[in-house]
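Undergrad: Sequence:
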Amino acid sequence: MSTNPRIANAGTAPSMIGHYINGKLHDSGRHLEVSNPATGQVCKRVALASQETVGAAVAAAAEAFVAWRDTPPGKRARVLFNFKQLLEDHAEELAALLTEEHG
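Numbering (the working numbering), first residue to last: 1175 to 1277.
Since the hints were made in silico from the structure, they are not lab data.
Glycine included, every Cβ here is placed at the ideal spot set by N, Cα and C.
One should not assume that every hint holds.
Said to hold, decoys possible - Only pairs whose alpha carbons sit at most 35 Å apart, straight line, appear in this in silico DSBU-like list of lysine-lysine: (1) K1198 with K1249; (2) K1198 with K1258; (3) K1218 with K1258; (4) K1218 with K1198.
As the list claims (entries may be wrong) - Pairwise CB distance ranges (calculated): (5) L1199 with E1275: 14 to 24 Å; (6) R1250 with E1207: 31 to 41 Å; (7) P1246 with G1214: 49 to 59 Å; (8) A1212 with D1244: 28 to 38 Å; (9) A1236 with L1261: 37 to 47 Å; (10) K1258 with E1237: 47 to 57 Å; (11) A1236 with G1214: 33 to 43 Å; (12) H1205 with D1244: 30 to 40 Å; (13) R1252 with E1207: 34 to 44 Å; (14) E1262 with S1224: 28 to 38 Å; (15) S1202 with P1246: 11 to 21 Å; (16) V1232 with L1272: 23 to 33 Å.
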């Protein structure tokens, strides 16, 4: 059993996973329950995207691309290395979440 509270409590209640676009949560009002195939228990609820949500995401990505394209390679590399470090720092938590989702 993990001592990390986020991992230890991963299966206690279904949490909601929404769409974050430009730092804001978007919710179409429609959701899908994700079950752990090993237990059959609902482990997460995910927001389903509407056409408006998809349009907002595409527009935000297009806008972000311009800024990213103009970012110097050294700064882009630092961002990616920071992301790599976050993945390594949270590998146990990510593994627990993926295991719960896939059984």
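Undergrad: Each hint: holds or not?
TA: For each hint, the structure was consulted:
{"no.": "1", "hint": "K1198 with K1249", "verdict": "holds (24 Å)"}
{"no.": "2", "hint": "K1198 with K1258", "verdict": "holds (24 Å)"}
{"no.": "3", "hint": "K1218 with K1258", "verdict": "holds (25 Å)"}
{"no.": "4", "hint": "K1218 with K1198", "verdict": "holds (20 Å)"}
{"no.": "5", "hint": "L1199 with E1275: 14 to 24 Å", "verdict": "holds (21 Å)"}
{"no.": "6", "hint": "R1250 with E1207: 31 to 41 Å", "verdict": "holds (38 Å)"}
{"no.": "7", "hint": "P1246 with G1214: 49 to 59 Å", "verdict": "holds (50 Å)"}
{"no.": "8", "hint": "A1212 with D1244: 28 to 38 Å", "verdict": "violated (46 Å)"}
{"no.": "9", "hint": "A1236 with L1261: 37 to 47 Å", "verdict": "violated (26 Å)"}
{"no.": "10", "hint": "K1258 with E1237: 47 to 57 Å", "verdict": "violated (25 Å)"}
{"no.": "11", "hint": "A1236 with G1214: 33 to 43 Å", "verdict": "holds (41 Å)"}
{"no.": "12", "hint": "H1205 with D1244: 30 to 40 Å", "verdict": "holds (37 Å)"}
{"no.": "13", "hint": "R1252 with E1207: 34 to 44 Å", "verdict": "holds (39 Å)"}
{"no.": "14", "hint": "E1262 with S1224: 28 to 38 Å", "verdict": "holds (35 Å)"}
{"no.": "15", "hint": "S1202 with P1246: 11 to 21 Å", "verdict": "violated (37 Å)"}
{"no.": "16", "hint": "V1232 with L1272: 23 to 33 Å", "verdict": "holds (27 Å)"}
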